[in-house]
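Colleague: This is what each chain is made of:
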Amino acid sequence: MAKNNTEIADTVAKAIAGNRQATERLTDLYYQTVFRMVYYRTSSKSDAEDLTQEIFMQMVKYLPRLKDKNRFRPWLFRIALNKVYDFHRKKQLLTFFGSISDNIQDEASDNTRDQIGTPADELMRKEFWRQFRQLGDSLPRQEREVFLLRFADEQKIKEISLILKKSESTVKTHLYRALKKFRQNSELRNMLKGELG
Amino acid sequence: MNTAYNHLNEDQLIQLIIDPDDLPHSVRNHLDGCTRCQTEKIQFEQELAAFGRMAKTFAPTSGQKIYPSQQASGRFWSMTPFLTGWRRPILAGGLTIILLICGVFSWQMSMNSSVDTSKMPTIAEIIDEQLIVTDVIPSEDSHLTEIIQQFVHDTNGYLEDEFVEFVAPFEFDQNSV
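First to last, the protein sequences are chains B and W. Residues 1 to 197, numbered by the numbering used here, are exactly what the first sequence covers, in order. Residues 198 to 374, numbered by the numbering used here, are exactly what the second sequence covers, in order.
Worth double-checking, as some hints may not be accurate.
In silico PhoX-like cross-links for lysine-lysine, where the CA-CA straight-line distance does not exceed 20 angstroms [claimed, not checked]:
hint	chain 1	residue 1	chain 2	residue 2
1	W	K238	B	K181
2	B	K193	W	K238
3	W	K253	B	K193
4	B	K158	B	K69
5	B	K180	B	K156
6	B	K180	W	K238
7	B	K165	B	K180
8	B	K14	B	K91
9	W	K238	B	K90
No wet-lab data here; the hints were simulated from the structure. All values reported here derive from a predicted model rather than from experimental measurement.
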């Protein structure tokens, strides 16, 4: 893992110096991770694809400003989160003026069309995203963000504190509250237990 | 030793998941020897791991990946796929010529318009001229003034008094002396 981190830091240093291949390597490494991260927060494949493109455009643009090459991952996630927040702000504004309808349910079912699986798998997938959204809705923004970063995006506490620019103790407090609510969500927990067999 | 008292409660279990180092030493010691608490902790960790794994599995994969470097360099030309190779300089040259022609044409137009406007009468002058014309037209329409004008134009200035004397002779008033 340490070697992997060193390799990534070297690649980041080369990308900062203007090496195109290094930039493409970083894009390869993090593209799907960032795409998934955006998808968890937008519930729309097409929006997640567009935003991921924009995030990597910004990455290339602002990479020379990155001071610590060892902090590339939290830096990239911070760009991604800011993009997602911007997206939601614009969407809220457009929904308010009636330009678009806020129909996540249709979007989510549309996303599953390209997934191949048995009807039982499809049912499970739909149920999981329903529960996922329900949990997200039940949590305040900070708690939701910390929970998703920790357990869906698999970030460590220290990385989360860098991404959100909050102290580690604040992150832990938010995570504690979120986990407490997660423990109370018996429906989701039963589904997860069923998955474990 | 592992009594119900010492078992990890809900809060301690959550803290254990967040950061085991935040728990007191006694609680950690209990966990090392308590299979029940260990099982509970493992189950909770597995639930959270399953949450992350299912999210990853059920999330769609991105169908398209355009490298930012490619996107930045070819954004305009990707919109115009027919403009490749030798067509690009021709298009650029054509656009430049069109811009030059437009520039010269607009410059000439502006020069012409600036000369004309300096010679053109102002609105105030036009109004004054119209007023003069309206003054003249009624005097031309009147027949009486036409006759008087004939006399005035035909005779010299000193005959005007004789004419006036003829039309309206001067009467000497003795009482006024």
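Colleague: Could you run down the list of hints and mark each one as holding or not?
Modeller: Against the structure, the hints come out as follows:
1. W:K238 with B:K181: holds, 17 angstroms
2. B:K193 with W:K238: Roughly 14 angstroms between the alpha carbons, so the hint for K193 of chain B and K238 of chain W holds.
3. W:K253 with B:K193: The given pair, whose Cα atoms are some 17 angstroms apart, holds under the 20 angstroms limit.
4. B:K158 with B:K69: holds, 16 angstroms
5. B:K180 with B:K156: Holds, at about 19 angstroms.
6. B:K180 with W:K238: holds, 14 angstroms
7. B:K165 with B:K180: violated, 23 angstroms
8. B:K14 with B:K91: Not OK: K14 of chain B and K91 of chain B at ~37 angstroms, beyond 20 angstroms, violated.
9. W:K238 with B:K90: violated, 42 angstroms
Taken one by one, the earlier hints fail for this structure at numbers 7, 8 and 9, listed in ascending order.
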